[in-house]
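Chains A and B, in that order, are what the protein sequence lines are.
Residues 1 to 253 in the working numbering are what the first sequence spells out, letter by letter.
Residues 1001 to 1264 in the working numbering are what the second sequence spells out, letter by letter.
Treat the hints with caution; some may be incorrect.
As the list claims (entries may be wrong) - The calculated PhoX-like cross-link candidates involving lysine-lysine, where the alpha carbons are at most 20 Å apart (straight line), are: (1) B:K1149 / A:K124; (2) B:K1239 / B:K1155; (3) A:K46 / B:K1010; (4) A:K146 / B:K1122; (5) A:K97 / A:K124; (6) A:K234 / A:K146; (7) A:K97 / B:K1030; (8) A:K191 / A:K169; (9) B:K1239 / B:K1210; (10) A:K169 / B:K1109; (11) A:K61 / A:K13; (12) A:K61 / A:K124; (13) B:K1128 / A:K210; (14) A:K37 / A:K61; (15) A:K13 / A:K46; (16) B:K1010 / B:K1055; (17) A:K179 / A:K146; (18) B:K1252 / A:K46; (19) B:K1030 / B:K1010; (20) B:K1122 / A:K210; (21) B:K1149 / B:K1239; (22) A:K37 / A:K21; (23) B:K1252 / B:K1167.
Said to hold, decoys possible - Which residues of chain A face chain B? A few of them, derived with a C-beta cut under 7 Å, are: (24) Y42; (25) L127; (26) V136.
It is worth saying that the hints were derived from the structure and are not from the lab.
Note that the Cβ used here is the ideal one computed from N, Cα and C, for glycine as well.
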Amino acid sequence: MPRSELVIREYNKADLPAILKLYERCPAETPRFARDKDFVSYFINKASAEGNVFVAVKNGKVVGVAMVSITVEEELTQGSIIELQAQDTQTLPGLVKTAVDYCTQRDVDMILIAPPFDTRKVFKNWLMLQTGVMTVRLEAPLPFLKALLDTPRIRNSFAGRSIVFQVDKEIIEVKITSKGIETIQRDTLVKGAINVALPSRVLLQIVCGKLSPLKALLTLKLRTRLTAISLVLKLFETARLPQPWFIPLADGL
Amino acid sequence: MKNFTLRSYKSGEEANIVNFLNLCYGFWGKPDKWQRLYPEYPNFNDNDIVIIEDKGEIIGHRGLHFRNLALSRESSVVTVSSGDTAIHPRHRGSGLDRELHDTALQMAKARGAGMAFAWHLKGSASYKRNIRSGFIEIRQPPVYAQIIKPEKVMKAGLLHLIHRKGKLREALAESKELYLTMGNIRLSLAELAGAEREDSGKIVEVIINKDALPLLVNFRSWGRWQRIGSLIRLLITGKARVRTNAPGALAKLGIRGLKVLASL
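Produce the complete structure using the sequences and hints provided.
What follows is the structure, given as structure tokens:
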């Protein structure tokens, strides 16, 4: 067997560090729930208890993982590929085939998968499902703004800036330096600073690409001083989160 | 929340909780499912289960899951996701659901959650409530399905819908003449809704082709007009047909069916 051939086999405990490295090597392009050791182990245990876990290995390196869960509810035996992580799209068909074969051998009634990339070619013979709707609300603007703005692009483009956000009733000063973001809870707006006022829902709509910052400004959902408009628009454009958010079945509750 | 106690989970009450969820959902699952979803979940703490109790009886349940959401490669935010939410059928419509929802989210915020997530069927009461209270809908990539046994998928889909829609369950329980056939499976809808079998000799049989399933598979996620539209399309395209030996019963069922569909 040539060394470069892709091999798909059952997971064993010694694969865990390599799987964690795979997640580190291939970070998601869109917001994604944690894939640290605790969560990856939890999903592997869940899949092992309900089905099986397969790894794709190339040149002795783990390049993909598929976790399969088989559940019986209301007389329906359902196979779900709850997690599918691959280094590239070439690894995907083999992993999916192994997972599907595993489900078929267990006489499932239907198989479900939420694939990570735009993989319409791999799933052209599958039915596309409209799943439930995911809704999100901002509960605390401070940790959200810190996480949203603490990226190299924002730090490089806006270093030295201090912007005061009034989100609903909370006032948060964000100080941006090239090394990091400092967020400070304030009681009042800061005189002379760049103040940006908007409801939390509008903030989420803007960063999730559901509302353009310019439209928010024109409809007075977003308020700032005239001289800061260009900077604020640029900040929101830079901070916009990529869509759609990929939520694997493992994260569905 | 007058006279009711709001508290977190106590070890040892797993069976009670699962019995309660099964009562509320029709069929929710077994204790090992609850165990895996909650106590075994990473970072679980007893406060992740919010219980409403009335004189020692569980009448409300809300599960919470705390996890980090990576917004980029460098930064993440603590989030809370709503898990199984159930209110005892006796207390539905009393506003308890809303109180449970608000209280659980306040507790989550106090524990550091910056964002709250929830999953619903589009157009459901919880979806509408969340949109009214500041939630926004987030686009997700599609989920793909391979249906191997269409008859069983149809039956499970129907059971799921019937268990969760009280008006549909009541209407179907009265529709003793109504049968649904796909392939070699023939289902009495009244029986699926929990009614006793009653053979009057009158039959209204809706026969659905297996190739109609792609059109029906998203039925649960649709709004009422999409549902009505899809059923009409099935009839027009010949993917579904109706056979009866009792035209009077068919007319009665048709009117009742439209009313129920519109109310879902």
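Results of checking the hints against the structure:
Restraint check for K1149 of chain B and K124 of chain A: the C-alpha separation of about 19 Å stays at or below 20 Å, so the hint holds. Between the alpha carbons of K1239 of chain B and K1155 of chain B the distance comes to roughly 17 Å, so the proposed pair stays at or under 20 Å and holds. A C-alpha spacing of about 23 Å is found between K46 of chain A and K1010 of chain B, which places the hinted pair above 20 Å, so the restraint is violated. Between the alpha carbons of K146 of chain A and K1122 of chain B the distance comes to roughly 31 Å, so the proposed pair goes past 20 Å and is violated.
A hinted pair counts as satisfied when its Cα atoms are at most 20 Å apart, and K97 of chain A with K124 of chain A qualifies at roughly 14 Å. In summary, the hint linking K234 of chain A to K146 of chain A is supported, as the alpha carbons are separated by about 17 Å, within the 20 Å threshold. A hinted pair counts as satisfied when its Cα atoms are at most 20 Å apart, and K97 of chain A with K1030 of chain B does not qualify at roughly 30 Å. Only pairs whose Cα atoms come within 20 Å are accepted, and K191 of chain A paired with K169 of chain A is accepted, the gap being roughly 17 Å.
The hinted pair formed by K1239 of chain B and K1210 of chain B meets the criterion: a straight-line CA distance of about 8 Å does not exceed 20 Å. The hinted pair formed by K169 of chain A and K1109 of chain B meets the criterion: a straight-line CA distance of about 15 Å does not exceed 20 Å. Restraint check: the Cα-Cα separation between K61 of chain A and K13 of chain A comes to about 15 Å, which is no more than 20 Å; the hinted pair holds. Taken as a hint, the K61 of chain A and K124 of chain A pair is broken in the structure, with Cα atoms around 29 Å apart against an allowance of 20 Å.
With a C-alpha separation of about 18 Å, the suggested pair K1128 of chain B and K210 of chain A falls inside the 20 Å cut-off, and the hint holds. Restraint check for K37 of chain A and K61 of chain A: satisfied, since their Cα atoms lie roughly 18 Å apart, inside the 20 Å limit. For the suggested pair K13 of chain A and K46 of chain A, the alpha carbons sit about 14 Å apart, so the restraint of at most 20 Å is met. Only pairs whose Cα atoms come within 20 Å are accepted, and K1010 of chain B paired with K1055 of chain B is accepted, the gap being roughly 16 Å.
A threshold of 20 Å between alpha carbons decides the hint, and for K179 of chain A with K146 of chain A the separation of about 13 Å falls inside it, so the pair holds. At most 20 Å may separate the alpha-carbon atoms for a hinted pair to count; K1252 of chain B and K46 of chain A exceed this at roughly 48 Å. About 18 Å separates the Cα atoms of K1030 of chain B and K1010 of chain B, which keeps this hinted pair within 20 Å; it holds. Distance restraint check for K1122 of chain B and K210 of chain A: the Cα-Cα separation of roughly 18 Å lies within the 20 Å cut-off, and the hinted pair is therefore satisfied.
Annotation: proposed proximity of K1149 of chain B to K1239 of chain B holds, straight-line Cα distance about 17 Å (limit 20 Å). Using a Cα cut-off of 20 Å, the hinted pair K37 of chain A and K21 of chain A holds, with the two alpha carbons roughly 10 Å apart. Among the hinted pairs, K1252 of chain B with K1167 of chain B is consistent with the structure: their alpha-carbon atoms are about 17 Å apart, no more than 20 Å. Hint on Y42 of chain A holds. Least Cβ distance to chain B is approximately 5 Å, under the 7 Å limit.
Nearest Cβ of chain B to the Cβ of L127 of chain A: about 5 Å, under the 7 Å cut. The hint holds. At about 5 Å, the closest approach between the beta carbon of V136 of chain A and any beta carbon in chain B falls short of 7 Å, and the interface hint on this residue holds.
Going down the numbered hints, you'll see the structure goes against 3, 4, 7, 12, 18, while the others check out.
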